[in-house]
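Engineer: Okay, here's what each chain looks like letter by letter:
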Amino acid sequence: MATVSSVNKSWKDLFFDIKEFLFSNLAEGESLNLNLSSEETHFLRFNQSKVRQATAVEQGRLSFELKWNKRVVHGEVELSLNREQNRDHLKRTLESLQEEIRELPEDPFYSEMTNEGESFAEMEGVLPSCDEFVGQIKKYCQGLDLAGYFTSGLTCRGNANSLGQNHWFQSSSFFFDYSLYSAKEKAVKGSYAGSHFNSSDLEASLQESAQSLKVMDQEQVELKPGKYRCYLAPAAVGEIAGILGWHALSGGAYKRGECPLGDLYEKKATFSPLVTWRENFTLGLNPRFNSWGESSAEILPLVEEGQMKDLLICRDTANEYGLTSNQANRGESPRSLEMLTGDLELDDILKEIGTGLFISNLHYLNWSDKNKGRLTGMTRFGCLWVEEGKIVGPIKDLRFDETLYHIFGAGLERVTSFSHTIMETDTYHQRGLGGFKLPGLLVNDFTFTL
Amino acid sequence: MNDLINIDLKTLKNSLGDSLEKFEWWALRSYYEKTQFRMARNGLNAQNGSETSQGVMVEVFHKGQIGYGATNDLSQLGLSRAVEMAKSMAETQELLPLTNFDLSVRPKGEGSYQSHFQVPLSELTPALVMDRLIKVTKNLKKDDAVIEASAWAMITDTAIQYLSANGSDWAQRFSMVTRDMAVTAKKGDVIQKRSLGMQGRQWGAESLDEATLLEHSERLLKEVHELLGAKECPSEEMDLILTPDQLYLQVHESIGHPLELDRILGDERNYAGWSFVGAEDFGKLRYGPEILNVTFDPGVDGELASYNFDDNGVPAQKEYLIEKGILKRGIGGIESQKRSSLEGVSCARSTSWNRAPIDRMGNINIEAGDSSFDEMIKSTENGILMQTNRSWSIDDYRNKFQFGCEYAHLIKDGEIKEVVKNPNYRSSTVQFWNSLSHVGNQETFEVWGSPYCGKGEPNQIIRVGHAIPTCKFQNIEVFGGA
Ligand SMILES: [Zn+2]
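Chains as they are written, first to last, in the numbering used here: chain A, -17 to 432; chain B, 34 to 515.
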């Protein structure tokens, strides 16, 4: 077992050193807000339970928000662990932003920078070395066909502005996002994520997935399009939660006429009283501070027993439309969404489905009629046909096309008594942070179209 | 934004002394990119930002494996760390390798590439770009029904260099602009949106020509008003005509992705997905009728993924993927070609300096046919003409898809009739392409492309090009909104 490399100690020092340097180069009347995101990551990609590609990355990005005379300009550059190289190009970056801002028109919804205080959070981890991890895959995946990837290392986020605001968040963590395949090309999804790696937890995760895969060897059931009673497992609900980040909970999107939950917000529609959604930063998946350094409430209610309480509103939207900010991020997407549990026990799920579908995962969701909250997507990985409470076999994948108002409204019958934490596995450009904590849902008359 | 000095890769290589020479083979790939993003909304300045990115990917061939180490620290110390990371990754991989390549997967390449443009991007000053975007959104916002008008431009200058132990030495420089504009209008409870459709190409400052942008804004404003008063798209089976601003995404999702060899080999099963296409389908599968010809063409002027080398350093050339309707060749780089014993193309590409190359689309095009637009309309008894993508979704084997468009006209008895709103269609890939009845001629042919194709573990976005004529399909399931 090894903790992360010692180089990382310097990211925090580096950030606080650099900010002083940049702030000392500001001209009269200028203010500067800085955000750092950096990581030291190992990526191991697997196919057929073997290593396809192995990449180690050391990277940092520093973004600038410069304000002057009712004007705003943004910039983003590389930040490396090399102090001398940084000073040089950061100074030139600042100079070019100082030049550009004087060329730009005023920002129509300008607000002065503020000092939003300080916060520091550092989560230590125990991560395996890559060699160790590969050794365990070799041991536990005999006879299994596994595809997926292991991502491990340090992730940092820093914020500081020239008015004295300071925030730091860093965590050492890993995730192993994988799927197993049967000879008939049927699959189940598995994942193991956290900050303290333990080989017996990895083994348990792989064994549970291998067990589920056995069910997939039964005869495939091909269903006709139509309305079916469905159980959506937490991972499937996670796919729906993911698309909520695409305008469904955004105050700005509502004002621009493209909010899928606009009718819920205007109380023209309601969800089932079984539905309570909130941002819950006590889950520790994400820093509470946003890119302006504003800290969200630890718990921010969004939907309470079917009634919408709040959309996510960021500083820019608040300024433009005269609303009150709830310290959302610029994209007004949930960062740590939690749906509260209900009373459907794990052991009762098949019985309560009766005859219908057990849906473990969904894939490639998109709005099909955005302003009506309608979305389409596919079933994926380990979805089963159930008759009279008994599993008949895996299904041939189906396309659904259904509204959020049905899934969380009239169609929602039960919510499970347990929930799962679904960690962000996004690694576009850099490792993402955050996640969801979600229960499973029993939904009647779910519409499948193809 | 400041013009960071372009990376001098040879100097960096020299700074490492002979530390690379202990490996059987090595390569250094530097990636430098500068992007400006500017947006106006409702006749006002909304967003001004610029980004630069620069770093180096080190590849070493060690213990029979290729390991990758990436850094943005371009000092001798930083690069030495990346060399060590690449070495240790090769050693990890050697414990449980999927493949054992030899050095034939890294051929020697020499030369350069430069995007063609009429006016260099440097002409686009921040103030000039913003001034044009503001004018466009003022024009879009000129009546009370409009609740939101926006216009944006992303202006990108990219330089890639590559050096390797076996004498590869090449450099490529890309000048790219992606642009879009949109107008959302409301009447009573009806809200409709009309946009240009995100359009990415390799071009210069001519991409933001003021008169052209204003012309588009006039048309979009007129069309969003038509949509406010339009009937819902009917739900029935009918003939479907798709213009390139929708068809490019149809090609991307239902021809491009399923032909990727790394999907067929199973690398992507856990993320982007597998493919309904199997190795046995090449040379046999009838993907569409005789009139369907699909190419990988890295040489189309102005198309977003034109280049001379992929990121494994393999020279790129045009190839037929589907010829006279028959599947011929996959979209897979040299590593996937070795693994699958299938023919591929030069398409192993990385999103930036910090990711290893994987199989990606480049320019995936439908070759122009011989039908005029008028012929397609005249031959249609009961059909619909759909324009500009607004929704897309397809399964992980790339079979069952559903697309939505912004704007459509019904066609009755060979004539274009009224506008309908919320048009959608759904089908399955092979069945759909085999219902193709007309491929448009050169006059209907347009160059489209997107900077945002996502794939890979770790995740990577990539720029793809699609040059496409208007096409007609028979008896497709069409439907309207909620
Ligand atoms: Zn794509």
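Hints were generated in silico from the structure; no laboratory data involved. Check each hint, because a few of them may be wrong.
[Claimed, not checked] Reference listing, derived: stretches of chain B covered by chain A, where coverage requires no fewer than 3 residues with Cβ under 8 Å from a Cβ of chain A:
(1) 344 to 358
(2) 409 to 418
(3) 449 to 456
(4) 494 to 507
[Claimed, not checked] No more than 20 Å apart at the CA atoms, straight line, and that leaves these computed lysine to aspartate or glutamate pairs for DMTMM-like:
(5) A/K250 / B/E510
(6) B/K220 / A/E85
(7) A/K237 / B/E510
(8) A/K354 / B/E265
(9) A/K32 / A/D113
(10) B/K454 / A/D113
(11) A/K206 / A/D245
(12) B/K219 / A/E167
(13) A/K209 / B/E510
(14) B/K168 / A/E85
(15) A/K120 / B/D222
(16) B/K171 / A/E302
(17) B/K220 / A/D113
Even for Gly, the Cβ is constructed at its ideal location relative to N, Cα and C.
Engineer: So if I understand the rule, the pair passes when the alpha-carbon distance is 20 Å or less; does A/K120 with B/D222 pass?
Structural biologist: 59 Å, violated
Engineer: Please verify whether A/K354 and B/E265 have alpha carbons no more than 20 Å apart.
Structural biologist: 14 Å, holds
Engineer: Could you grab the alpha-carbon distance between A/K206 and A/D245 and see if it respects the 20 Å cut-off?
Structural biologist: Judged against 20 Å, a Cα distance of about 32 Å means the pair is violated.
Engineer: What's the verdict on A/K32 and A/D113, does the C-alpha distance respect the 20 Å limit or exceed it?
Structural biologist: It holds: about 13 Å lies between the C-alpha atoms, which stays within 20 Å.
Engineer: Can the region 344 to 358 of chain B be counted as covered by chain A under the rule of three residues or more with Cβ-Cβ separation shorter than 8 Å?
Structural biologist: That given contact is violated, which follows from only 0 residues of the region 344 to 358 of chain B lying within Cβ reach (below 8 Å) of chain A.
Engineer: Next pair to validate is B/K454 with A/D113; report whether the Cα-Cα distance is within 20 Å.
Structural biologist: Distance ~57 Å between B/K454 and A/D113 Cα, so the pair is violated.
Engineer: Taking a Cβ-Cβ distance under 8 Å as contact, does the region 449 to 456 of chain B have three or more residues in contact with chain A?
Structural biologist: violated (count 1)
Engineer: Quick one, are A/K237 and B/E510 close enough, alpha carbons at most 20 Å?
Structural biologist: It is violated: about 34 Å lies between the C-alpha atoms, which goes past 20 Å.
Engineer: Is B/K219 close enough to A/E167, meaning Cα to Cα at most 20 Å?
Structural biologist: 48 Å, violated
Engineer: Is it true that the CA of A/K209 sits at most 20 Å from the CA of B/E510?
Structural biologist: 18 Å, holds
Engineer: What's the verdict on B/K220 and A/D113, does the C-alpha distance respect the 20 Å limit or exceed it?
Structural biologist: Between B/K220 and A/D113 the Cα gap is close to 62 Å, so the pair fails against 20 Å, i.e. violated.
Engineer: Mind checking the alpha carbons of B/K220 and A/E85 for me, to see if they're no more than 20 Å apart?
Structural biologist: 38 Å, violated
The earlier numbered hints that this structure contradicts are 1, 2, 3, 4, 5, 6, 7, 10, 11, 12, 15, 17.
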